[in-house]
Amino acid sequence: MSLSRNAPGALLDRLGVMGHPWHGLVSGGMLALPNGLTIPYQQPAGTVHWEYTAAHRVAVPGVPPVERTPDQAAADNLAGMQWRNTALISGGASQLYGRALGAGRWIWIDDAGDRWLVDASALHGQVWTAASVPSHVMLSLRRFGRFSAAPAGAPVVVQVPIHDLGQGGPELMTTPTQVTQSFRSSLFSIHPQGRAAAFMLHYAVAHGAAAWPSNRHPCGWFELHLSGYGADVSASIDVIADRLQTLGGEAEVTDDGDTPAVFRLWRRSTTTTTGSDYPTCSGGTETTDRFRLHDGDLTSDGYTPEWLYAYNRSVGVRPDMTRSASVSWGGMLWAVWYGVDGARRHVTLDVEWVYRYERHSAGVSDREVSSTRITTRSPGAGRCVTEVVQEFAPYEIACDIDISVSEACTYTWRLGGTEVASISVSRVSVAQETTVFAGTPDGTGNLRSHWTRTGSAAGTLAGAPWADQPASARDYATTYNWSSDTTDEPPNTITGDPGYQMAPEYSPGRRALWPAVTSYTSPDSPVDWSEARVVEVRPVRLGGGVVGFVRTVRPLSPANADKVSTIFGDIVTPIGAASGVEWSSLGPAGSNAAWPPRDTVFAAWCPATHQIGLRTQPACWV
Amino acid sequence: MTPLQQALARLLARDPAWRRALPPADPLGAVARARGVALSTEQQGGGSAFAEADASKREYWAARTLTTTDGLFTFEVEPIKSILLVSGDRATFADPPKPGAEEDDDDDEGTP
Numbered sequence: 176m177s178l179s180r181n182a183p184g185a186l187l188d189r190l191g192v193m194g195h196p197w198h199g200l201v202s203g204g205m206l207a208l209p210n211g212l213t214i215p216y217q218q219p220a221g222t223v224h225w226e227y228t229a230a231h232r233v234a235v236p237g238v239p240p241v242e243r244t245p246d247q248a249a250a251d252n253l254a255g256m257q258w259r260n261t262a263l264i265s266g267g268a269s270q271l272y273g274r275a276l277g278a279g280r281w282i283w284i285d286d287a288g289d290r291w292l293v294d295a296s297a298l299h300g301q302v303w304t305a306a307s308v309p310s311h312v313m314l315s316l317r318r319f320g321r322f323s324a325a326p327a328g329a330p331v332v333v334q335v336p337i338h339d340l341g342q343g344g345p346e347l348m349t350t351p352t353q354v355t356q357s358f359r360s361s362l363f364s365i366h367p368q369g370r371a372a373a374f375m376l377h378y379a380v381a382h383g384a385a386a387w388p389s390n391r392h393p394c395g396w397f398e399l400h401l402s403g404y405g406a407d408v409s410a411s412i413d414v415i416a417d418r419l420q421t422l423g424g425e426a427e428v429t430d431d432g433d434t435p436a437v438f439r440l441w442r443r444s445t446t447t448t449t450g451s452d453y454p455t456c457s458g459g460t461e462t463t464d465r466f467r468l469h470d471g472d473l474t475s476d477g478y479t480p481e482w483l484y485a486y487n488r489s490v491g492v493r494p495d496m497t498r499s500a501s502v503s504w505g506g507m508l509w510a511v512w513y514g515v516d517g518a519r520r521h522v523t524l525d526v527e528w529v530y531r532y533e534r535h536s537a538g539v540s541d542r543e544v545s546s547t548r549i550t551t552r553s554p555g556a557g558r559c560v561t562e563v564v565q566e567f568a569p570y571e572i573a574c575d576i577d578i579s580v581s582e583a584c585t586y587t588w589r590l591g592g593t594e595v596a597s598i599s600v601s602r603v604s605v606a607q608e609t610t611v612f613a614g615t616p617d618g619t620g621n622l623r624s625h626w627t628r629t630g631s632a633a634g635t636l637a638g639a640p641w642a643d644q645p646a647s648a649r650d651y652a653t654t655y656n657w658s659s660d661t662t663d664e665p666p667n668t669i670t671g672d673p674g675y676q677m678a679p680e681y682s683p684g685r686r687a688l689w690p691a692v693t694s695y696t697s698p699d700s701p702v703d704w705s706e707a708r709v710v711e712v713r714p715v716r717l718g719g720g721v722v723g724f725v726r727t728v729r730p731l732s733p734a735n736a737d738k739v740s741t742i743f744g745d746i747v748t749p750i751g752a753a754s755g756v757e758w759s760s761l762g763p764a765g766s767n768a769a770w771p772p773r774d775t776v777f778a779a780w781c782p783a784t785h786q787i788g789l790r791t792q793p794a795c796w797v
Numbered sequence: 652m653t654p655l656q657q658a659l660a661r662l663l664a665r666d667p668a669w670r671r672a673l674p675p676a677d678p679l680g681a682v683a684r685a686r687g688v689a690l691s692t693e694q695q696g697g698g699s700a701f702a703e704a705d706a707s708k709r710e711y712w713a714a715r716t717l718t719t720t721d722g723l724f725t726f727e728v729e730p731i732k733s734i735l736l737v738s739g740d741r742a743t744f745a746d747p748p749k750p751g752a753e754e755d756d757d758d759d760e761g762t763p
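Chains as they are written, first to last, in our numbering: chain A, 176 to 797; chain B, 652 to 763.
Bound conformation, chain A alone (with noise of 0.2 Å):
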């Protein structure tokens, strides 16, 4: 662009300051002036939802502070002006100066401090595989800001080659079970004099109700360097992190076994028949068979007249065990920030989650019981006629059995690999268990299970208690039918499955990370299901400069009375964790969906003053 001669400031007038005075929070197309006023102002935009939030520093070397006057620092703060000697380049659209300069944009100041306009919208926002990134991108740049009577110029165009972008490590989950193949690249933090940028390439991830917008995870990021003097400028493209790496490299997985398939069961150890319908067709016959207690293989052994059974099921319990389990990992890497000082920040994740399960029977005894077939044989038409009069003879097996159940998962913020926000969720229950098998020979297939158990159950939730119920005793019954049932594995079994809740995903070719949810509820604990609770923890990217945890503590019954709790926290900035910066929320009463809904909370956080914004609607800092 040329200037005319007689552009302002070329008379006789004097020149006060010039610039860009408005400055602070927009949201609802509105901006928020230090002097309590707002003023309509766009709207920075964006596609992805951290875009919304982003602002990234510029910084043109040299630029002095601003100095005003006492009265003309009176005026601006009447008139809710600031003036900077930095600029904010706002939004996925690369707003300046409530102007868009377009997605994939940014101000770079070369070498000799002139600035140029760099269009790197080849890199942003497109969707690849790993087979399908290009071998190379053209880049533009054209020459910013300068007002004078020389020509513009025409711009430059650059070729910058792609050798590789390490996309060819673990799988990637868009759900437990579905891999998907592409991801997207997009533009994410720029150097404060654009010498560099850093680009995301991130995946969708579908887990759960509470689709927060951590469904975009990372999985690979690169820089693109600019160096230079304008038109001979040099570029080029590294990767900070491949796939592997920003997953969070190799876990430590241990896990001492799966449940076994071996169980307690009583095995058939002598027949005895008494009586004889032979040959007179009269008469009856009466059979006793007597079990012990033995460890069998559902899976070899079946279920054959062997064993101590109502009709087509098997009677036993579980066996004692013990298991212990634990997945780490750390270096995942969600966020790479530039400082003032333009070195890169990275913000890692850590992942911790342990496990232990404890069950132990006693009164198990190795006792004998009995089952007794009575039948009786009488002449019919033609024909002898078998009557069973009674079929298992009652019969009573007790045992006691202990179960514990301890569960954490704990999550780390680090920045530059210092630990700076964590938060654990645990759960542990403990119960003791009186059952009571009690074949009842009613001709109906039934047999009824009574069992008493007694137990108390706690979690906590970044150090507070977020269940908390004491020992109590619960009286249970349940009538099986044996007929209709069918289970593989003995329903009469003593409750207590081993499994996880809280487990992160991994594999070693593939890897997730799923949030940690946990509930509080039987059958770990006598406690009422009405009463149940589920606590899901996870860790969220709210804004394009901030990153936290959210946990939610919600009934699992939406008919309770009470609300879905959510607190978002611990936030992390490219300075640090935030202190005291929290935004909770209570949902609808008798509902116990997500809540907050999807993509309904951003955090904003502004490089020049440190502040973040939590909005339910886009909001950023210009």
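Just so you know, nobody snuck in bad clues.
Computed spacing ranges between beta-carbons, pair by pair:
hint	chain 1	residue 1	chain 2	residue 2	range
1	B	T743	A	P330	38 to 44 Å
2	B	A745	A	G211	41 to 47 Å
3	A	G514	B	P747	37 to 43 Å
Chain A side only, calculated, beta carbon under 7 Å to chain B, not exhaustive:
hint	residue
4	V192
5	M193
6	V238
7	V241
8	W258
9	N260
10	T261
11	R321
12	F322
13	S323
Some residues of chain A that are not near chain B, with every Cβ distance over 12 Å (derived):
hint	residue
14	P345
15	D413
16	G744
17	A752
No lab work stands behind these hints: they were computed from the structure.
All residues carry an ideal CB built from backbone N, CA and C; glycine is no exception.
Take the given structure of chain A and dock chain B to it, following the hints.
Just chain B now, kept in the frame of chain A:
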């Protein structure tokens, strides 16, 4: 200004020689112990003495760069140095103070 005065002003703008047809200006009156009179443009009351004859004859001081507070936008301007008056004289303006040594560099000539 009467229509006649307006017509005269237009005539003067085209040909300063018509100034001779104007009546002499009213005397300003005695000023006690005055050693000299230097009238500013305002004091001259917008009279014809300070009227530019030809905008294309302007002269400018060397260009300097005005910069926004954040350094992102620069404006290259050339302050007015002199103008040609209808009297045939040139009115000269002083070179105004430069906005700042670090901003005075003509750093925008490297256009590719």
